[in-house]
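> All chains should be modelled from the sequences, with the hints used to inform the complete structure.
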Amino acid sequence: MASLISVSTQSAVVPCKREDIEQTLHERMAIIGPYLEALEKVKSSFKPSSSDRQTFDVLYRLVQMTEISQIKHAERVSDFHLRRAPLILAELEGQR
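Residue numbers for the sequence shown follow full-length UniProt numbering, so the first one is 1 and each next one is one higher.
One or more of the hints may lead you astray.
List of simulated lysine-lysine pairs, DSS-like, C-alpha gap at most 30 Å [what the hints assert, rightly or not]:
| # | residue 1 | residue 2 |
| --- | --- | --- |
| 1 | K43 | K72 |
| 2 | K72 | K41 |
| 3 | K72 | K17 |
In case anyone wonders, no lab produced these hints; they're calculated from the structure.
In structure tokens form, the structure reads like this:
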């Protein structure tokens, strides 16, 4: 028997199955997991009392809280800029 969990939205409380929530969390971690791992690697290079480390803690939480659609959009924009960078540099070199 599937257990139900109430999830609050802006307008109402919607009952959700635990399996649905677990699947959503699994999908979410599949997308943001590499970014969280990268943040952890960088964070570990700072001393525990460092303000930079605390900044990375906040950034880690922000990534966790970001909607998946926004993360996917940011990935697409980053990919676009990375693909365009060599073309832009070539154009600039051609103008010299």
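> A separate judgement is required for each hint: does it hold in the structure or not?
Taking the hints in turn, this is what the structure says about them:
Straight-line distance between C-alpha atoms of K43 and K72 comes to about 23 Å, which keeps the hinted pair within the 30 Å bound. For a cut-off of 30 Å, the pair hint linking K72 to K41 stands: about 22 Å separates their Cα positions. Pair hint K72 plus K17 holds up; C-alpha atoms about 25 Å apart against a cutoff of 30 Å.
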